[in-house]
Amino acid sequence: MDPNRSACGAAADTAWQRFRMRVVGQAHDPLGPEVLDKVSLMAFLAWVGLGVSALSSSTYGPDEAFRALHGHSYLAVVLIGATVFTIFVKSRTYSRVIEHFPFGGGGYVAAAKLLGAELGLVSGAALLVDYVLAISVSIAAAADASFSFLPPRWQAWKLLAELSAIGLFMILNLRGVKESVTVITPVFLLFIVTHLVLILGTIALYGGKVRQMVHEVSVGFQGGLSTVGTTGMAALLLYAYGRGAGTYTGIEAISNGLQLMREPRVQTARRTMFYTSVSLAVMAGGILLCYLLVEATPIEGRTMNAVLAERLAGGFTWSGLHLGRWFIILTLASETAILAAAAQSSFISGPRVMASMATDSWLPHRFSCLSDRLTVQNGVMMVSVAATITLLYTHGQTTKLVVIYSISVFITFLLSQLAMLRYWFYNRARYSDWWRQLANHLVGLVLCIAILEVNVFSKFRQGGGAALALIAALIGFCLYVRHHYRKAATTLRRLDELMREATPAETSSVMLPRDTDATTAICFVKGYDGLGIQFVLSVPLLFGIQFENFVFAGVGVIGSGSFKGAEEIENLRRHTEAQLSKYVALINHYGYCADYCYALGIDAIDELERLAHKLIQRFPRAVFFVAKLIFEREGFWHKVLHNQVAFGLERRLQLAGLHVVVLAIPGDTTVVRRVLPEQDSSLDLRGYAR
Numbered sequence: 225m226d227p228n229r230s231a232c233g234a235a236a237d238t239a240w241q242r243f244r245m246r247v248v249g250q251a252h253d254p255l256g257p258e259v260l261d262k263v264s265l266m267a268f269l270a271w272v273g274l275g276v277s278a279l280s281s282s283t284y285g286p287d288e289a290f291r292a293l294h295g296h297s298y299l300a301v302v303l304i305g306a307t308v309f310t311i312f313v314k315s316r317t318y319s320r321v322i323e324h325f326p327f328g329g330g331g332y333v334a335a336a337k338l339l340g341a342e343l344g345l346v347s348g349a350a351l352l353v354d355y356v357l358a359i360s361v362s363i364a365a366a367a368d369a370s371f372s373f374l375p376p377r378w379q380a381w382k383l384l385a386e387l388s389a390i391g392l393f394m395i396l397n398l399r400g401v402k403e404s405v406t407v408i409t410p411v412f413l414l415f416i417v418t419h420l421v422l423i424l425g426t427i428a429l430y431g432g433k434v435r436q437m438v439h440e441v442s443v444g445f446q447g448g449l450s451t452v453g454t455t456g457m458a459a460l461l462l463y464a465y466g467r468g469a470g471t472y473t474g475i476e477a478i479s480n481g482l483q484l485m486r487e488p489r490v491q492t493a494r495r496t497m498f499y500t501s502v503s504l505a506v507m508a509g510g511i512l513l514c515y516l517l518v519e520a521t522p523i524e525g526r527t528m529n530a531v532l533a534e535r536l537a538g539g540f541t542w543s544g545l546h547l548g549r550w551f552i553i554l555t556l557a558s559e560t561a562i563l564a565a566a567a568q569s570s571f572i573s574g575p576r577v578m579a580s581m582a583t584d585s586w587l588p589h590r591f592s593c594l595s596d597r598l599t600v601q602n603g604v605m606m607v608s609v610a611a612t613i614t615l616l617y618t619h620g621q622t623t624k625l626v627v628i629y630s631i632s633v634f635i636t637f638l639l640s641q642l643a644m645l646r647y648w649f650y651n652r653a654r655y656s657d658w659w660r661q662l663a664n665h666l667v668g669l670v671l672c673i674a675i676l677e678v679n680v681f682s683k684f685r686q687g688g689g690a691a692l693a694l695i696a697a698l699i700g701f702c703l704y705v706r707h708h709y710r711k712a713a714t715t716l717r718r719l720d721e722l723m724r725e726a727t728p729a730e731t732s733s734v735m736l737p738r739d740t741d742a743t744t745a746i747c748f749v750k751g752y753d754g755l756g757i758q759f760v761l762s763v764p765l766l767f768g769i770q771f772e773n774f775v776f777a778g779v780g781v782i783g784s785g786s787f788k789g790a791e792e793i794e795n796l797r798r799h800t801e802a803q804l805s806k807y808v809a810l811i812n813h814y815g816y817c818a819d820y821c822y823a824l825g826i827d828a829i830d831e832l833e834r835l836a837h838k839l840i841q842r843f844p845r846a847v848f849f850v851a852k853l854i855f856e857r858e859g860f861w862h863k864v865l866h867n868q869v870a871f872g873l874e875r876r877l878q879l880a881g882l883h884v885v886v887l888a889i890p891g892d893t894t895v896v897r898r899v900l901p902e903q904d905s906s907l908d909l910r911g912y913a914r
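Numbering-wise, the sequence shown is residues 225 to 914 according to this note's numbering.
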């Protein structure tokens, strides 16, 4: 652990902090050697945590597709092949995304880098809607399945149960990624075992009917040609293929959650993708085949998987025990559990996409910050709130949620395929097999267009329009956020230019504080820029020779972009030291003794508070200074989009009995010019202050 951190004092725990620690858990040290092992996932756990969303879709995707055949069950043979083919095409194309974008972000990063920021925004907005709806759909479908076994009077409690489930998953994810994945591992394995028994048992029991099934399929094709024709059969098959779009969702979660993988990250992710695609293909294709073997037909109020399980084990008894009935209950219970657990995949990947978008200034920057449990805390909270709102808005109706969900998923899929097509085309000189990769993504693009077209046009009034409106609204919000940050950045660049003109080109040798009992100004600073320079120079200009020493304290904030390994942490450490040393050289130039102190951490206010308690022991006559950038017209969104470190730190230190001064730094350069002394490289600030 960094000694700058370990020596810092800690504020007394409050009742709320003790309660929060019990619920969320003990904080992880981001600089500890074992921390990456605690929050990273090996291939098996990644398969559980990120692949569960894809695998759970086999509970409702094949069901929807088979029902859409409307009695033309012979087409299921083609549907099985199309389903398995689509799964492997999508997994193969997303494996290429993983290789070329090994730091995560998936389709959003691929679209942003290869198609431009605007199309990247569309992909990111659709992806966020996808993850929010994935939580809502999974929990709503799980509630539908579980409450179907209960008396009708219990239906009034279904929505409350769904909201409680969201709250439970929110707490699990605030505790940390690996712990939440470990919790759902038994559920995941139970689902795998029960459904393998279901598929293999059906094939073994009905295997003797294969020849009869082949004959019936042949007769069905002949009858279809004579009644609806080739065009009608193709249209019906395409409709059923599109209705089963939920089967192909969840694969993108692996590329989006790449930051969570154990090193070597790319190899771990590719192995996870292989596990996920094979297991999903076996489940989805096997279930469709079993529907065909047992000649399953839809029954009102029951899922197709329930019908299948009943056909297989409904009459099985042993020594008077109805083991078949218990197997049916266990199988359907595992489906209910894995649907609830599928929401976990979105809780893992959704906030990571928000962090990537926040880094690009499409969302408030605070979404890129990690909590003390090393999770993207703000993102987890926002995804939970958004999922709660969608459940309340739709009253937990799975049908409408699934429509919005599928459309948002395939918008992201389509843009990802377009991005990779562009990459392989413009880099064909670097790769000998470029044409093969181009063909893979072209096939993926065609499949995405077909599925998206079916869902948009056939379900526009059943939720398709709402999906497009929701994505458009999110895009509008992101554009506003980006415009605000760009406007603020322009102001700060002008401030940088003005302040660098007023600072010396050369600096003197370092002069460290000689008398620690002398009055000392401790300035909390961030990067070496115009805002910081004006803030630092304002102290001697306003207070004259009151202070003999200056100490510059800063924090290297470990965000989602930095938290990728020991090398990135070390780079952050060096960058923080370099920035602070520039302030020391600047103030040394004007004859003041100076030093710097820093910490690396997750929360800026917490780390600065610790530094303050450490420094006040070394400099007992210190006054703390912190800068606050102010704008001419500040509104509600300024507080949302810009951090409130200055006021938060001021309150904490004042409650601890320390002296704090907040200096307001105007963003208007005309105001800055009025407070600057005359530009002179030999300016003595001590003399000017007098």
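Warning: the hint list may mix true and false statements.
[Said to hold, decoys possible] Once the Cα atoms are required to be at most 27 Å apart in a straight line, the calculated BS3-like pairs of lysine-lysine come out as:
hint, residue 1, residue 2
1, Lys-806, Lys-852
2, Lys-711, Lys-852
3, Lys-806, Lys-838
Simulated from the structure, these hints should not be mistaken for lab results.
These are the hints, each one checked on the structure:
A threshold of 27 Å between alpha carbons decides the hint, and for Lys-806 with Lys-852 the separation of about 20 Å falls inside it, so the pair holds. At most 27 Å may separate the alpha-carbon atoms for a hinted pair to count; Lys-711 and Lys-852 meet this at roughly 17 Å. Distance restraint check for Lys-806 and Lys-838: the Cα-Cα separation of roughly 22 Å lies within the 27 Å cut-off, and the hinted pair is therefore satisfied.
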